[in-house]
Structures are given as C-alpha cells and as structure tokens.
Amino acid sequence: MKMFIRQGWKMGNTKKLIGESSKAPTEDSACYIHDLPNEILVSIFTYLKPKELLYGVGMVCKRWHEVSRDSQAWQKVSFSLWDDRRIWRNAPVIGHLEILAPNESEVEKVRHLVDSPGPSCVRSVRIIIRNPKDTLGILKKYQKSIRTLDLQVGGQDARPEEWQSFFDAIGMLTDLRSLSLRISPNSTEIPYNQQISAGCPVVRYLRVRGQETIASDLLRDLGRVVTSLSISCSFSEHSLELIEAMAACTAVEEVSLPCSMFSALAQIPSLKTVKLIADRAPTSPEQAVLLASPTLKNVERLDVCTSRTQVMPDVGLNKCIAMMAPHLTNCRIVDFRGLQTLDEYLSEFIHEAKKVQSYDLCCRVYHLLQFELSDSVNNVRAVLDNNYAQVPFVANVVSRLTSHPNKKFDIHFSSIAGP
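Quick note on UniProt numbering: the sequence shown kicks off at 1 and runs consecutively.
Zero decoy hints are in this set.
In the DSSO-like style, the derived pairs of lysine-lysine whose C-alpha atoms are separated by at most 30 angstroms in a straight line are:
no.: 1; residue 1: K275; residue 2: K297
no.: 2; residue 1: K407; residue 2: K319
no.: 3; residue 1: K272; residue 2: K297
Just so you know, the hints here were simulated from the structure itself, not pulled from any lab data.
Can you make the complete structure from the sequences, with help from the hints?
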C-alpha cells in the first residue's frame, strides 16, 4: 500500500487500461492521489483500521498525517478492552467503545481507560458490567459526547446510593439520542427519580430489557419524549406493570415488541410503525386483536422479525397476524421476512389487507399470483423455495411477473424451512 501511495496513481494509465485512450498520459492530464482534496481523502481513510490510520497513512507525509487526525476519519473506529492501548491514547475520537467487564480484571482495565489520556470524543458506548458504580468513570468522562448507550448491569450487590449515582450519571449525558438498558436484579428497591428525562432532552430511542419495575419507570419517564420504543422478549402479556406504563408513551410512533404482548398496542394509539417479534401468539388472539384494533387503523407499516425463542412455526401466531389484516386500513408496507412460514394464513392476509402496496416476504408461487391480481399491490420482493426453481410452471410465472409492465416483482430462490 505504501508503494502505491508514494508512487501516486495516474488516471491516464487507468484510461489506457480500459480502452478510453491509447495515448500516453501527459503531465497536464496526470492526476495523483496526493492531489485529491482533503474531503475525499477523509472518506477513504474511514475504511482503514486504527493502526493503519496511526502508523500507515499517518506517516506518509505531513499533510496526510493531519488529514488522518480528522475526527471524521475516526467516526467508524471501534475500541474494546483487548485492543492496543496506544490506539486509545492517540485516537482523536472513537466511534464506538465496547466494554465487556464481567470480572475485576476487566473492571481494572476500565479504570485505566478513565485515568489515562484518551480520545476527546466517544459517540457510542456498550457496557456489560457487574456493578453500576464501575460505569461512572466512563459516563462522566464522555458525558458531553455520548449519543448511543447500551447498558447491561448486574448489580445484585449494589447499594441504593450506587444506583442513584448510576442514574444520575446517565442523566448527565446531554447529547444522548439512543438508550438501551438492562438491569438484572429483580428488586423493587432500586431508586429511580426520572433523572434521564430531566437531563437528556434529545433522547428519541429507548429499549428496555430485564427488570420489569425499572423498565416500567423508564417508560413512564421517557414515554412522552422518545419516538421509538423497543421491548425485548424478556417480557410477555403477563408483564402487567409494563403494559400499564405504556400508556405514558404519548410521543411514540414506532414500536418493537413480542407478538405475545400484541394487545399492549392498545396503549399507544399514536403508532405509525409496528415491528412484531415472532415469539408466540397471545393466549387469546381474538381478544388481543380486538383490543389493538383502534391502534392498527393508524399503522402505516407492519414488520415481523424472527425471534430466537421460536423453534418452529406457530400456527396461532400466524392466525393472529392474519386477523390483523382487516384493521390495517392505512397500512402501505408489510415486511414478513421474519416469519418462517405463514402457510394458508398468508393468502387470507393478502385478501383482507386491501390497502397494502408493498410486500417483502418468503412465499409460494400462488401468493405471487394473488399479488398480480391485487388492485393495490404494486411492489413485491419475494423469496421462493429452491426446491421449486426447476418446476416449469414456477419458472414461467416468475419470468412473466419480473417483466410485468405495471408492477415491480423482485423474486429470488433460496432454501426455506418448511412448516
């Protein structure tokens, strides 16, 4: 790479190779990489590893050294506790900091990062740690720059005052935009006094996991601020305190939650986008859909994503999704790629969801024929099972639809698990 950089790159030689011109490049037409403006060099440097920035391009010449120190060149750089400490000491900024510290030896490394010279700015931080007090140093050091924070804290032995300081530290992150929080101990004595909403005015995304009481407190505190909410599969339709707290989410327009909590959508009538995690069906799908129907009428996009807990297709879940269709009177986009199969319920959904214009899904060829006849559907991205790729009828349908004059069909074949 160094030889390439120092010799320079001539556009004239490239043109000769591709046949644009057989004439040898003149001095006037030559374009060297050294002549590229700083903005383009910075864009190129964002693809380099930290050591290449520090000890590679940064040592070519004085100008490149200065460009390699531009904060934009480091915006994608990640750093963890096991990386070369010299990167931490010399990096102008760090895009993402990963701290996995389940035991005391890793916690000691975190303390070294706090005490040693380091980057002036860290944008994104993920911390998995046992005691909340061990997060305070990093959070306070970068309280003005952290925008994305993912915290997973054990804290079984933490005292109430340590939790108080922990939430106070999060509340000092004035530029925080995205917060994901998981607190493990199942205790109702963890104090939370709405410090986050008081100190984080621009937070817009919230993901809650773990302990239900704290998760509920966060919803009641931030529900009027965040526009996007994610609820993990650690909760279910039996998480009554959390479901009740969802009524405070008056600003939320986008939600991700387990399908088993489907009836909780009734608590957030302002929703525009719903993402369901395909874990399992609610105990009573009919009642869940009936409760959620006022919210479903406002939904403009419906996604269903895969759940790690779903071992095989759930017929009850498929039935529940099909029952939503008549209520989706404003829905225009549907993404079913996360479903293993909707079998016969997909045909029912397509027939009943009369306003949907775009589908992204795995399906069978007869579903494609339904899309062809639909008055509303005009865009389909579909995956068919590889086993049918050589069937003449299937091949003819795919060929005809992909050249449809009025609708866009993007169809591929892949291995699909059967029902």
